[in-house]
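Once you've looked at the hints, dock chain B against the given chain A.
If you read the sequences in order, they're chains A and B.
Sequence positions in the first sequence follow this note's numbering and run 1 to 397.
Sequence positions in the second sequence follow this note's numbering and run 1 to 397.
No wet-lab data here; the hints were simulated from the structure.
Do not take every clue at face value.
Unchecked claim - Computed footprint of chain A on chain B; a stretch qualifies when at least three of its residues, placed anywhere within it, have a C-beta under 8 Å from a C-beta of chain A:
1) 34–41
2) 44–58
3) 78–85
4) 100–113
5) 127–140
6) 275–286
Stated by the list, open to error - Beta-carbon label-pair distances, calculated as ranges:
7) A:A10 - B:Q62: 41 to 49 Å
8) A:A149 - B:A14: 38 to 46 Å
9) B:Q62 - A:D291: 43 to 51 Å
Unchecked claim - Here are a few chain A residues that sit away from chain B, every Cβ distance over 10 Å (derived from the structure):
10) L4
11) A14
12) I30
13) Q62
14) Q85
15) D181
16) V259
17) M266
18) D271
19) V297
20) A310
21) M316
22) E326
23) G338
24) T351
Yeah, the Cβ is synthetic: ideal placement off N, Cα and C, and Gly gets one too.
Number of protein chains: 2
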Amino acid sequence: MHQLFATRAARMKASEIRELLKLLDQPGIISFAGGIPDPALFPAEAFGQAFQQALGADSRAQALQYSVSEGYMPLREWIAGHMRQIGVDCGPDDVLITSGSQQALDYLGKLFLSPGDTALVGWPTYLGALAAFNAYEPRFDRLRAGGNAGAAQYRAAAGPGAVKYAYLSPDFANPTGETVDRQGREALLDLAEELDCALIEDGAYQALRYDGQAIPPILALELARKGDLQACRTIYCGSFSKTLSPGLRVGWVVAARPVIAQLVLMKQAADLHSATINQMAVHQVAQTCFDSHIPKVRATYRARRDAMLAALERHMPEGVHWTRPEGGMFIWLTLPPGADGAQLLARALETVKVAFVPGQAFHPDGSGANTIRLSFSNSDEATIAEGIARLGAVLRG
Amino acid sequence: MHQLFATRAARMKASEIRELLKLLDQPGIISFAGGIPDPALFPAEAFGQAFQQALGADSRAQALQYSVSEGYMPLREWIAGHMRQIGVDCGPDDVLITSGSQQALDYLGKLFLSPGDTALVGWPTYLGALAAFNAYEPRFDRLRAGGNAGAAQYRAAAGPGAVKYAYLSPDFANPTGETVDRQGREALLDLAEELDCALIEDGAYQALRYDGQAIPPILALELARKGDLQACRTIYCGSFSKTLSPGLRVGWVVAARPVIAQLVLMKQAADLHSATINQMAVHQVAQTCFDSHIPKVRATYRARRDAMLAALERHMPEGVHWTRPEGGMFIWLTLPPGADGAQLLARALETVKVAFVPGQAFHPDGSGANTIRLSFSNSDEATIAEGIARLGAVLRG
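One chain only, chain A, in its complex shape (with noise of 0.2 Å):
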């Protein structure tokens, strides 16, 4: 049946991190490869109660039912007052729920990629945003968070398409763990004015700050500059999988009117609406316990992080080299010249057991081969320590 499948189908391939995923239930595999939450740190009992609140006699009817394309109110009015503590003045009309960031960057692919044009990616970047876009049929450029390159450069490279966006994560980025400091977002802001296009900010990891100052979000700099949030290019897309809980599968945009009506025309059509019932859960748990959960969440991770970042200055051979990541769940390996990430895994699975992510999918060009991915958010500090000690034997010899 593939001959009737549309062009898009071909550039919708298996990722290396599932591929990978299916390794990892081997015994005693010792795993830096997903993104994964500590399934340890989901406030589960608080969960508990708030299923079971919302299943109780006076709600049950509304948690069962269909339910609006923009999501449930209360948690719409909870994330606008989030967003508000973020510094990005909003209500609960500028805000629609998703199922999990990840739907987010397939609706903004849906909403404004026809084929050929172009989406302004980081080199590396996320493996899940490329996933979606590339469903939409988009060339991708290279946003440098420097910003070396110029609109005019941009605007040449897009040909017959229109540069449609910039995406990035400007928060200890997945994979690289890396910070657009704030010069580097108004840099990006400049850009996006220039090249009249809009700027996608993925918040997933905005929350997961250890040390170091916080830097407002994008959109916040943008209303800065504008007062006004419906004058504003920059979608913000938030998440509580690294918070609260992935399987939940509940995330939010906050944009521009004409965006987020655009956006609720699309998940109406695409999936009526994200389940009732997660949303006044994820609602109830947190209203009563986000501020009192964040930190111990932060605290946990800052300590792996810790661990990792310890275990890599005693372990890693001369050329390695790494990113110091101030919050998030991963540090970026760039590997010596010539090195093959996919190759040391490879070697690494087989000899110590050993799982990451090699870098070379994270490059829309096929580049980063050298480089690889770490996650420290699901492994104790001992675990961290080992591991990395038994990376290091591999690459040593």
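This is chain B only, laid out in the frame that chain A set:
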């Protein structure tokens, strides 16, 4: 920002049903509008236990964590067993879990349609299918379940594009309530073979038969011809929305492996997976009480259908015709030529506070102005009798 939107955005407009639902908050309205299950029928106690169990110490880490894009294996096994009961011999690897069958329609449009390709649909057909497919910019051609048009005609009309699939809901379809008989199903299979296109079978209402003989799903008939699911071009979309709960957003697709494999990649790129805990809860409830629950649902809706048919008989003026569905949620009225369903709705809401859906929106070509859709699922018999009497009065004068 709308100047940046992709061309598809122009085809995604607000649905009439959706705008209507906003009116239904008014006190005293009798609504036959939305195709909404009666929440009193949701197995809420069973769901309460199922969510509690999923969040118990043994499974909470799994319930709140990321999971695989294919869906929760025990649920896929239950669904495969259910499909075998209705005549489709398949296993769990032939099943993909989607966030409601609406998401299956979106993904199938995405999988098959490049701009200009043809989708064959009923005139009228399910509004949500048109909305889902519209995002991929097809042309629509009219599928005549009786089989008036031949493959050559369809192919000639398709022009430079190709006929990629025919879509229909063969049992008690939304909006007409009509069922395609066995001969009609076989004729559709013949047509799909001749056209070498896929056939999307929407089984959303399949379990809600109130009388008459069950007819095998089209996929079952094709399997009987070919003996092998992997050789079949029919893609079956199922849903728990009309049987257990729509708010949990759990549906499924059964199809040949190349289709399932590509849909899995699409789902991974579009929302990673459907909410883990919802799949676990639906599995638990389906396993423990699907078979005992469905007869209650059928009995309730059967009585409501009978009440509506009786009231129509009593109150409709001459020249109004309607379908006599053997199941589902809908009765379809054809008013005298020249009558206008939208004007009737405005008058009915204003003068007698009765709501329904004008039929034009279900027709891709804008015909059907003199048709309306009535849903009997979410009103008790007395309310149905009262509402139809009021509607008859408006129609009479």
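Checklist entry - Once the closest CB in chain B is found, is it more than 10 Å from A310 of chain A? => result Its Cβ never comes within 10 Å of chain B, the nearest being 28 Å, so this holds.
Checklist entry - Are 3 or more residues of the segment 34–41 of chain B near chain A, judged by a Cβ distance of less than 8 Å? => result holds (count 5)
Checklist entry - Counting residues of the segment 127–140 of chain B that have a beta-carbon nearer than 8 Å to any beta-carbon of chain A, does the count reach 3? => result holds (count 6)
Item to check | Interface exclusion of D271 of chain A relative to chain B, criterion Cβ beyond 10 Å | outcome: Since the minimum Cβ distance to chain B is about 4 Å, D271 of chain A lies within 10 Å and the statement is violated.
Item to check | Consistency of the no-contact label for V259 of chain A, given chain B and a CB cut of 10 Å | outcome: violated (6 Å)
Item to check | Check on Q85 of chain A being off the interface with chain B, judged by Cβ distance over 10 Å | outcome: holds (24 Å)
Item to check | Distance rule for D181 of chain A, whose beta carbon must clear each one in chain B by more than 10 Å | outcome: holds (26 Å)
Item to check | Reported absence of A14 of chain A from the contact zone with chain B (all CB gaps over 10 Å) | outcome: Given that some Cβ of chain B is not farther than 10 Å from that of A14 of chain A, nearest at about 6 Å, it is violated.
Item to check | Beyond 10 Å from each Cβ of chain B, as asserted for Q62 of chain A | outcome: violated (8 Å)
Item to check | Least C-beta distance between M316 of chain A and chain B, which was stated to exceed 10 Å | outcome: At roughly 29 Å from the nearest Cβ of chain B, M316 of chain A sits farther out than 10 Å, so the non-interface label holds.
Item to check | Cβ contact check, 8 Å cutoff: the segment 78–85 of chain B against chain A, three residues minimum | outcome: It is violated, with 0 qualifying residues against the three required.
Item to check | Cβ separation check - G338 of chain A to all of chain B, threshold 10 Å | outcome: holds (32 Å)
Of the hints listed earlier, those the structure fails to meet are numbers 3, 7, 9, 10, 11, 13, 16, 17 and 18, in rising order.
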